[in-house]
Amino acid sequence: MALKLHGLPMSTCTTRAMVCLHEKAVDFELVPVNLFGGEHKQPSFLAKNPFGQIPVLEDGDVTLFESRAITAYVAEKFKETGTDLIRHNNLKEAALVKVWIEVESQTFNPAISPIIVEFFVAPKQGKTPDQAIIDANLERLGKVLDVYESKLSSTKYLAGDFFSLADLNHFPYTHYFMQSPWASVVNDRPHVKAWWEDISSRPAFKKVAEGMTFG
Amino acid sequence: MAIKVLGSPVSTCTARVLLCLCEKGLEYELLPIDLASGAHKRQPFLSLNPFGQIPALEDGEVSLFESRAINRYLARKHKDIGTDLLQSNSLVESALAETWMEVEAHQFDRPITAILRQIIVNPMYGIAPDEKAIETEMEKLGKVLDVYEERLSKCKYLAGDNYSLADLHHIPSLVYFMKTTKANAITSRPHVSAWWNDISTKPVTVKISANMKV
Numbered sequence: 068m069a070l071k072l073h074g075l076p077m078s079t080c081t082t083r084a085m086v087c088l089h090e091k092a093v094d095f096e097l098v099p100v101n102l103f104g105g106e107h108k109q110p111s112f113l114a115k116n117p118f119g120q121i122p123v124l125e126d127g128d129v130t131l132f133e134s135r136a137i138t139a140y141v142a143e144k145f146k147e148t149g150t151d152l153i154r155h156n157n158l159k160e161a162a163l164v165k166v167w168i169e170v171e172s173q174t175f176n177p178a179i180s181p182i183i184v185e186f187f188v189a190p191k192q193g194k195t196p197d198q199a200i201i202d203a204n205l206e207r208l209g210k211v212l213d214v215y216e217s218k219l220s221s222t223k224y225l226a227g228d229f230f231s232l233a234d235l236n237h238f239p240y241t242h243y244f245m246q247s248p249w250a251s252v253v254n255d256r257p258h259v260k261a262w263w264e265d266i267s268s269r270p271a272f273k274k275v276a277e278g279m280t281f282g
Numbered sequence: 009m010a011i012k013v014l015g016s017p018v019s020t021c022t023a024r025v026l027l028c029l030c031e032k033g034l035e036y037e038l039l040p041i042d043l044a045s046g047a048h049k050r051q052p053f054l055s056l057n058p059f060g061q062i063p064a065l066e067d068g069e070v071s072l073f074e075s076r077a078i079n080r081y082l083a084r085k086h087k088d089i090g091t092d093l094l095q096s097n098s099l100v101e102s103a104l105a106e107t108w109m110e111v112e113a114h115q116f117d118r119p120i121t122a123i124l125r126q127i128i129v130n131p132m133y134g135i136a137p138d139e140k141a142i143e144t145e146m147e148k149l150g151k152v153l154d155v156y157e158e159r160l161s162k163c164k165y166l167a168g169d170n171y172s173l174a175d176l177h178h179i180p181s182l183v184y185f186m187k188t189t190k191a192n193a194i195t196s197r198p199h200v201s202a203w204w205n206d207i208s209t210k211p212v213t214v215k216i217s218a219n220m221k222v
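Sequences listed follow chains B and X, in order.
Add 67 to the 1-based position in the first sequence for this note's numbering, that's all there is to it.
Add 8 to the 1-based position in the second sequence for this note's numbering, that's all there is to it.
Wrong hints could be hidden among the right ones.
As the list claims (entries may be wrong) - Computed list of lysine to aspartate or glutamate pairs in EDC-like fashion (alpha-carbon distance at most 16 Å, straight line): (1) K115/B to E125/B; (2) K85/X to D265/B; (3) K223/B to E185/B; (4) K159/B to E69/X; (5) K108/B to E69/X.
Everything labelled a hint here was simulated from the structure, so no lab data went into it.
Given the structure is predicted, the values throughout are model-derived calculations rather than measurements.
So that you can see chain X by itself, here it is in the shape it has in the complex (with noise of 0.2 Å):
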């Protein structure tokens, strides 16, 4: 039976997911959850997540929520088939690979999320950007991203040599961000620009954020 994701495909989290899968080579079923009407407000679809947030994910009876939670389970769970996102033979660099993905969730997510509110969602709710919002929040950005610049200059991906869940963590907010005019934030950056060329051009990336359009 195949894994079936409820969410969006334009969705930052649900994409975050729908990477995973395809990395894995995983067959699933994307259903789409109609945010517009508030669907993910109300049962059925808060008994999936009850914090009424997309995506959620059903594989057989275990039925999860939370993007980076779903991903360290389909990790684990086919870690012999697909890409190998967590390093599971090697307690270090599984290791590392988690430090990098608290640092997406912790360091990275709040400041890019913050400005892809101001320059993308508020618009299409007639509210206009907060340009001093922006500013503070490319700053904080820019002190993270001087961070990886600085740990790409010595490995090849976050975690190390590997591809892994802290790379592609990061993908679904970079597809967005990269179309707005604050892009140089990461061109900038020479190892940091070369990290995105290489993770964004994968076949994987380029087949989910085809369709990550607003």
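Okay, chain B solo, but in the shape it has when bound (with noise of 0.2 Å):
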């Protein structure tokens, strides 16, 4: 039986989902949740997520939500098939890759995702960007940044020479702001930039990007 995820193509956590889903050529099928009428508040869907959020993962009789714990997941599961996301039969690469799982969720997010907020969803909600918020974000986002530059000119992916979930859990939110005014902030970064062109252009994440319109 498939499994299914339930989210939305445009969401930035179903995606992540997704393109982990591609790159082990998992077979899922995407079930839309309607956000929009508050299919995610009720209680069929808090049943699944008692937060009340996208994605969802159903596989058998396992639910689990959080996209990086669904991601995590996935490639456990089918760690012995397609691309090697974490590097399980090492476990000093195994741990780097857990390493920059964290500094994605820690301290990439946090800084992306404020600006990702207010410049793409805050309008769809009839609200003006705020731009302080941005401007505060787009700094700290440089520093942090700043760090993967570095790491970049020695690696050439996040957790070592081997594109890992790590580097995957960046794409969804950094899809985004690449097409956001402040493309520069990585294209200014060769080494961030490489990076990005590379995990950009896999086949997973140009099928997954398809999808990623707020049109």
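Grab the two chains, each in its own frame, and use the hints to assemble them into the complex.
Have a look at this one:
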């Protein structure tokens, strides 16, 4: 039975899970969730994710939420096939992947997410983007990417010379960011730019990117 | 060769790692970092964590940072000794542990850290707590704890029947939170309160939290 992913094709967190599923060549069905109609706050959805957020993954009788837990599960369950996203045969490499997964989660995401929310999401809700929030977080993001620039000048990808879940988890927010007026924050850093061009040209990324429009 | 942890016993993130090391019964050496002089923002520390934050861990030739990544590494490497913190023998149970570890990192940590910053950290720098900000964050935390209350009415620990990193990761922030006037957010929720009583009285928790004083 194919896995079911409840979410939307333009949602950052849903697409994080989708890219992972495509990288592992795992069949899944994307079940749209009517966010506009408040479906995610209804009891039937809350039974799957009590925090009322997308995505949710159903795999037989296993129901998971939190996109990074979902990608970790998919990468682990299907570790013997497709791209080796977690370096499971090498404890040291696996540990470095975990470190940079946390960096994305704890340091990169809090800086980039408010920019995406203000620039892309707020207007859809009839609000004016708060430039002060954008400016403060652009500065934060710049400092984070200075560290990335240094790291990526010594290794091809974040955890080492191998593509991993640590790189993959960056995909959705960076994809939208590169369509914002501030893409230079990435493009002005040659190693970060090269890294982004490399990972965003992966077939799995390109496939998921097709659905990432707010149209 | 013993594991080295660079950090501070009063730091929540350092304590998160120390709890894991102790639950696994692992020998380690805690090397203090002089935060006041900014040692963590300079070399040689930056070569261990380019983001200039504690803790960092050295285990032979492996050098790691980010407390939650360190704990996942320790729990996996030493899965056969001490407390089984990641349910390594069951893909489904470890996936549930991963889910609730993400919940701690994304839903719980943000509001509780903001509250502790206002109530405990800011006064240390002569900044008065912002009551409005505290109220806003307490409301967010309350909604998260409502979900925990429901979850913990169905199972003993967050990931299921067994204590895991998903529970452990909450301990350091809660040790400080329970010393504030806001502790009733926990004690007023019977299942959350029972869960906290359980995990806070574990011998390892008692040992590590004894050094968590500001």
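Hints and how they fare:
1. K115/B to E125/B: 9 Å, holds
2. K85/X to D265/B: 32 Å, violated
3. K223/B to E185/B: Roughly 31 Å between the alpha carbons, so the hint for K223/B and E185/B is violated.
4. K159/B to E69/X: 9 Å, holds
5. K108/B to E69/X: Status violated; Cα separation ~48 Å.
Consistency with the previously given hints fails for numbers 2, 3, 5, ordered from lowest to highest.
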